[in-house]
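Enquirer: Since chain A is already given, all that's left is putting chain B on it; use the hints.
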Amino acid sequence: MTGIPASLRKPAACGLAIFLVFTARGACHADLHQTIRLAQRKVVKIYGAGGLRGMEAYQTGILISDAGHVLTTLSYVLDTNDLVVMLDDGRKWQAEFVGSDPVRELAVLQIPVEGQPLPHFDLHQSVKADEGQRVLALSNLYGIATGDEPVSVLQGVVTAIAPLDARRGAHQANYRDTVYVLDAYANNPGASGGALVDWQGRLIGVLGKELRSRVTGTWLNYALPAEKIVTSVDDVLAGRELDSLQDERLPPERALSTEALGFMLVPNVLPRTPPYIDTVRPHSPADEAGLRPDDLVVFVAEEPTASCRALVDALARYEFEEEVRLLVLREGALVEFRLRTAATAPDDDR
Amino acid sequence: MIRLATYTWCCAAMLAASGVRAQLQPADAVLQAERQRIEAIDRASAATLAVFDAGGQGGGSGVVISPDGFALTNFHVTAPCGPAMKCGLPNGVLYDAVIVGIDPVGDVALIQLLGRDDFPHAQFGDSDAVAVGDWVFVAGNPFLLANDFQPSVSYGMVSGVRRYQYPAGTLLEYTECIQTDAAINPGNSGGPLFDAEGRLIGVNGRGSFEKRGRVNVGVGYAISINQIKRFLAHLKSGRIVDHATLGAIVSTAEDGRVLVDDILGDCDAYRRGLRYGDEIIQFAGREITSSNALKNALGVFPRGWIVPLSYRREGETFDTYVRLMGVHDQSQLYDLVQQEAKKPAKPPQGDKPKDEDNPQRKRRQLALPRKKSKLPEVVAARYESRRGYANYWYNREKQQELWEHYRSVSALENVGYRWNIQGRLPGGRSFELEQTASESFLRLPYGNFRVSFRGELDGQLSPPGSGGLLLAVHLWQRLLDKGLAKFGEVVYLGQLPLYPGGRRADCLVGTYAGMETHFLFSIDTSDLVGIDVFPAEHLDPCELRFSDFGELAGRRLPRRWKVVHGTTVFAELEIDAWEFE
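In order, the protein sequences belong to chains A and B. Residues 1 to 350 in the numbering used here are what the first sequence lists, from first letter to last. Residues 1 to 581 in the numbering used here are what the second sequence lists, from first letter to last.
These aren't lab readings, by the way, just hints derived from the structure by calculation. By construction, the Cβ of each residue, glycine as well, lies at the ideal position given by its N, Cα and C atoms. Heads up, some of the hints might be wrong.
Label-pair restraints from in silico Cβ distances [to be verified]:
(1) B:V378 to A:A162: 55 to 65 Å
(2) A:H124 to B:E314: 49 to 59 Å
(3) A:T279 to B:D266: 57 to 67 Å
(4) A:D130 to B:Q123: 37 to 47 Å
The following block holds chain B by itself, in its conformation from the complex:
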């Protein structure tokens, strides 16, 4: 003991004498870096949630993304919770939250915390810019440690980007995800992955464990935030959102080319000319070097998204756009989601605390249907159950919001079905469109076209080559006349990109007479910028694009129309006069 004390004293004396102690005072740059790191963690932690089910049990993590309380977590965290959950913020307050929308394939859920309009929220980062070697940190509630909801934070490095992790069946597929050695443990599920500046770059969901037990062994995965950004408007629709597929099966040939092995006859890719044996070169702006690369690139898009595709056949390259189809048949997906909700939470690789599997919890889950009547009032006020939806209340809200905005900017009320529209084609030759409730007449320089709306509508696709221009105008009139309630079935889909340009537009889907019609609204101006009529699944839609909005007949109306069918521009129309009778 005396020897040790002597040594220690000796050592200290030597250090002091040699000036080492002075050198151990860190440089300003180090202290500043430390301060920045602490600030980033403070800021990010404030938006980090502990998520529990309505009874305050089980749970995972989450992150608030807007002041009105919208928050992201994993589908596998919310699946066993039913419509209501409790969320703890680091201020120590437990808030009621309601399910908004789910993406079961991507393992993402959007929920909304209730009771404030100034929730601390995370700033979005850009996960495409994340690179191997970046410093990142994970915040959340691993092992449900925090009773006061102060998140645990673990720092680490990005180990891999654009990683692919196989789904369980067809759900919970992680594509283009971020791999990190920052510790992601049971309970971290649904929590945020932040970059070193505290910007949200991913939502943590799973890890690789295998025989090492169910705790972190340096390999965790986060769903990239850029994928979630694409799904966000869809999630806000309250729907059960599906992922996309090309409708073709590809394989990597011996020489490394990625070739189409099989393709569905009624998918959009087929209509765009893609055939058996074609080589896929680019998809959504990514070079495709293997069939895995295509699977990875596909997984980040919602059903119905439109992406650029380049393929090669006999030395010739074709560049086109493809409207992606769903991974699932809709009702198949809804059934799968119901099965997930009944299962005790079993995320991919079993990333869940052990205590979630205990019998007590199972009993509670079996009792869920009866608990429905006991939803907290604030949740009940924002929840409406309907097949195909996580929460129909949000869909109705978005429909009405879009509709009211559109009606107020366009002033299109009581415009009836008798429209007379006159204008010019490129080159100056004139056209005239006469529309009534029962029929439509179009005079073009090269011919006259007439359709009747008295019988079956889906055959009325005149003029030939337009895909159904006159029908599209009729359906627009119908929406204006009947409104959301009486048009047919109307659903808010989310946002879709419009090409060229890729600007996103809010999309209302109306179903009438067995046909789907997409009404596309500008996010900035609420103008109706497009109508897509899908007369049948195997046919290309008639795509009507509106621009150059201005005053005509006392209303705000588009003075340029572009009619596209397939990839062919059928007509570009300039409107000079517009009369309502």
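Pulled out of the complex, with its shape left as it was, chain A reads as follows:
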């Protein structure tokens, strides 16, 4: 087939693959149930921090060793001392944080299993998928499964293998390498850290965090290929240091402002006017969150706001609809508020 570009060869190969899958389906049907059941046992529910609007306090993970290692995504959910990993059979443990890879946004946890070794995926035995291949996505999306209920299974096809070009709010996703793009709605809330497997139940990838396409703004359904994470996970398990990436922010499409949140600052008359709130518009997000005149805003998330200018700039780096965390000094005490404008994200208007 020399001389024929790869892009033209693919349809034939792809058609052949589908044909083989279809003929195999009848015979393999009973096995598919078995395959799914075995794979579900290697997927765990993780419960941790969160629970506020738009921030689920749960996600998914996969067992990757018989010593109780759990691979999941690095997220705010893990940001607690009370991190619980629950197995397929309902058994649960407090999990220890072992280490993380900030680029791939993965974390390894460990649970103190005793007795029978747990069924688990071996990252070194994982396989690559082709475009057009049928796959299964296993996760606890929406936290549907509780206790000893098995995680959810969605089916679909690898529609593309392409570099990830995505954002979360105003942040560019750290990971830029290739991912499996899926036609199943695999990356719903709570799904990240779930398993992407083939019809033989072999691990192909790990479901990533909720991200939108940087170009179209639509939610992406994708998985990090297992082959792209195996070395990194080995490093974490071996205790080797990983480089952290700086968080690249893109200018927001529509910036957040004090006006949008519903408060006005005192007149900016000094070079560094302290950002005291002057007025709060009734029924605005600020009002509903509980901000009051004379509150001094000292932080926007982790960023100190020493002046009115600094506060305005800090907010301007947020997307209009993004939730923002303000730390306020009120009567000698620090109080935290979470605000979000009433307007919703573009795709929620449908």
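Expert: Positioned in the frame of chain A, the structure of chain B alone reads:
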């Protein structure tokens, strides 16, 4: 352009030369699988409905389940419609339909399409046999796309079974439901979920969406058809049907046991011995491993259903049957339903097309009461409004049907109140029952018992330990003498299981002198197979079970009686002679 054409030609030539093209001709097995799938979808689609309100607006989906036009949909689809709706079938015809019965907690409504007796209908499947990984398809009218009522079909996989989705308040609770990634969108509400062979396994009602907007994101839920099968006879009664609760609150302890935290003193579970601190082991044949599991298992039963329960106390296991109480106080439920009907349709998770919320629709809903007089004639002929009912017409019909069947098989007309019944107890010792309009006399080997029907009836529970055997016979006589119209208030309840065995029986509930009496009729023979008298809410009923039907005194009568009170068999009687005076 020339380069591309050359490449294409090259490619085609290569394919032909290497014989790949020949291999792309699918194997027979593949073509056959495809044919089977098309047939299943054709068959299933024929029974799939588009449901609109009487004005042809709004709507959802539904599925016909019998040739006489009974069809299932969601309560949240019919709630804003009032008694009449229009239903489109894939043959392109729009039929009038009338509301029959509703289950607001389970989000199910039964309607009847009118105008044919040969409607294409779906075959029931077995949703208990549905497993994760099964292929399924959804049919319906998402986004109200089909102007010709040809349903849209989406194929997918079962993602989870026995899922639980929280109610809105106390209504619209989805328990033991089927989760699928086949697309369930606004407008699919009330439509069917079919297995790969085209058998009906669920009724689609909601999905998980959250911040992703109101379109499918791979997570839809269907009410399992086995739950609906249990409610079906209740729905055909035209009533507003309630779900069941145990009357006890449970929680999962640290060690994983499910323990009773609190229990009502007047519920049946309490009378069966369940107490604070007891461990629930099994409920309705299901292992109970968490308090959620119990909530899930409970949700699929109608109020008044009887289920097996096993619990453990201090190492000892107790197996019993429990008559489940209602989730709601009856009038509370009726009020909730009226509120739902006034609300613009807002199903759980907002699974409704956006255009249903527009102001025009709201105006139309406010105008509903005035539209009552404008019901289509065929609907008006089958609709009767009454508090507690979605449509009282169906209840009256079922009452009369049962009653007429019973009277014709039993030949029990003009039998009066003077009965003399003689027979034997196990062991051969004899008994005699003399019944008159004003009193009853029972001679048993160990004593004689007399009750009077002149005063308050609910205290006349003799013989002690029977729960009211003589009273039960009196109430039976009263029903035979007075008929449906004059007995007191009579309602067709639906079907209830009789234990042991779990066979279902049609149930007429008569209320007289402040007491409820269940008259239970065999589905197969129309014989009266049981009478349960409930003298008071906090007391166990007297359960009279009849069998061995045969001819006595020229009538068809039961020759074996079994009297049960609580879980104790009070007496087993064999009848030798029966006289009417």
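Enquirer: A separate judgement is required for each hint: does it hold in the structure or not?
Expert: Here is how each hint holds up against the structure:
no.	hint	result
1	B:V378 to A:A162: 55 to 65 Å	holds, 58 Å
2	A:H124 to B:E314: 49 to 59 Å	holds, 52 Å
3	A:T279 to B:D266: 57 to 67 Å	holds, 58 Å
4	A:D130 to B:Q123: 37 to 47 Å	holds, 39 Å
Comparing the model with each numbered hint stated earlier shows that all of them hold.
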